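Participant: Starting from the structure of chain A, add chain B where the hints point.
So the protein sequences, as listed, match chains A and B. Here the first sequence is numbered in this note's numbering, starting from 1 and rising by one per residue. Here the second sequence is numbered in this note's numbering, starting from 1 and rising by one per residue.
A hint or two may mislead.
[Stated by the list, open to error] Within a straight-line C-alpha distance of at most 16 angstroms, the following computed EDC-like cross-link-like pairs (lysine to aspartate or glutamate) qualify:
| hint | chain 1 | residue 1 | chain 2 | residue 2 |
| --- | --- | --- | --- | --- |
| 1 | A | K99 | B | D60 |
| 2 | A | K17 | A | E46 |
| 3 | B | K38 | A | D229 |
| 4 | B | K35 | A | D229 |
| 5 | B | K2 | A | E46 |
Everything labelled a hint here was simulated from the structure, so no lab data went into it. Keep in mind that this is a model prediction, so the values were computed, not measured.
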Amino acid sequence: MDGEESRRLMQYVSGLKAGLPVLFGFVPVGIAYAVLASQAGFSPLETMLMSMTVFAGASQIMAVGMYAQGAGIAAIAITTFILNLRHLIMSTCVMNRMKGTPAPLRILASFFVTDESFAIFTTLEEKRCTIWFYLGMVTLTWSSWQLGGLIGIIASGILPAIVTASFGIALYAMFISLLMPNLRGNARLALLVVMTACMNTALSSFMDSSWALIASTLACAFLGVFFVDTGDE
Amino acid sequence: MKMERMILIAAMVVVTFIPRAIPAALIERMRFPKKVEKFLNLIPYTAMASLIFPGILTVDGSNVLIGLLGGAAAAVLAYLRAPLIMCVVSAIVVDMLLYLI
Chain A
1 MDGEESRRLM
11 QYVSGLKAGL
21 PVLFGFVPVG
31 IAYAVLASQA
41 GFSPLETMLM
51 SMTVFAGASQ
61 IMAVGMYAQG
71 AGIAAIAITT
81 FILNLRHLIM
91 STCVMNRMKG
101 TPAPLRILAS
111 FFVTDESFAI
121 FTTLEEKRCT
131 IWFYLGMVTL
141 TWSSWQLGGL
151 IGIIASGILP
161 AIVTASFGIA
171 LYAMFISLLM
181 PNLRGNARLA
191 LLVVMTACMN
201 TALSSFMDSS
211 WALIASTLAC
221 AFLGVFFVDT
231 GDE
Chain B
1 MKMERMILIA
11 AMVVVTFIPR
21 AIPAALIERM
31 RFPKKVEKFL
41 NLIPYTAMAS
51 LIFPGILTVD
61 GSNVLIGLLG
71 GAAAAVLAYL
81 RAPLIMCVVS
91 AIVVDMLLYL
101 I
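So here's chain A without its partners, still in its complex pose (with noise of 0.2 angstroms):
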């Protein structure tokens, strides 16, 4: 193995660790799917088959729900298409850091881009962000959410309501701590959190849920500009 090939396997393997919180979060909404799916008349085999290809957690249980209560097809995907709109942003912000990537890698990347994968990418330190360590990191979490349905699939009564209601925490607190660590001696940045919070638990009082979040997202980064430092000025 040469010099460039190790690098690449550590940059990888540094990946993998990286998505590890994600396990604890993907495997219970999984589960939960899974469930759901074999409920709406889904066979294991299409289960499993909408989890390895579509790979997009709240759409799948959203999905599963409305052609359990008898949803045409295009309903579904219109739905689908608005609550995955978030992903032309996240996607954008994770392609910016992966310049000099060939485009068929880029693409393939792609696929993968989740809320979680997304939020671990773009808080990453520069140097750190390879196609690599990407790849490495959707390893594990493509691998967590396919882990989740057959857990789902397999044994869904095995794990004690509690255990499984715990678990519903894991993805928040993997977002809160992926966020505070940069907000510390940033006051601003803080404000512009707070804020954004605030205007996006607004908004969803009273309009579609992933509307709400694409807008305060993109009007805060907006107003951000104005008066948060970022460091790359």
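Facilitator: Chain B in isolation, oriented as in the chain A frame:
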């Protein structure tokens, strides 16, 4: 396998992949001005703030403390620069204890 569900899955693959892939296909051609770079650099923070609130208030539909105290545990540990995995596990443990009492 039922054809209708196969078509549904295929349709979902398409509509979820499009927003992810467009930036991957176009990014090399884009050269952002400094202000736009800054805007993009702020998005992770505003996106995460939006992902946390108001969702965390309804982690448990009947008890807002499950979300708030679990989240607070993670926040305090992360502020003290604890490793990410420890913050996440602590939040889970706090919620398990809350459910037990």
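Participant: Now look at each hint and say whether the structure bears it out.
Facilitator: Structure-based check of each hint:
no.	hint	verdict
1	A:K99 to B:D60	40 angstroms, violated
2	A:K17 to A:E46	30 angstroms, violated
3	B:K38 to A:D229	9 angstroms, holds
4	B:K35 to A:D229	12 angstroms, holds
5	B:K2 to A:E46	9 angstroms, holds
Checked against the numbered hints given earlier, this structure breaks hints 1, 2; the rest are met.
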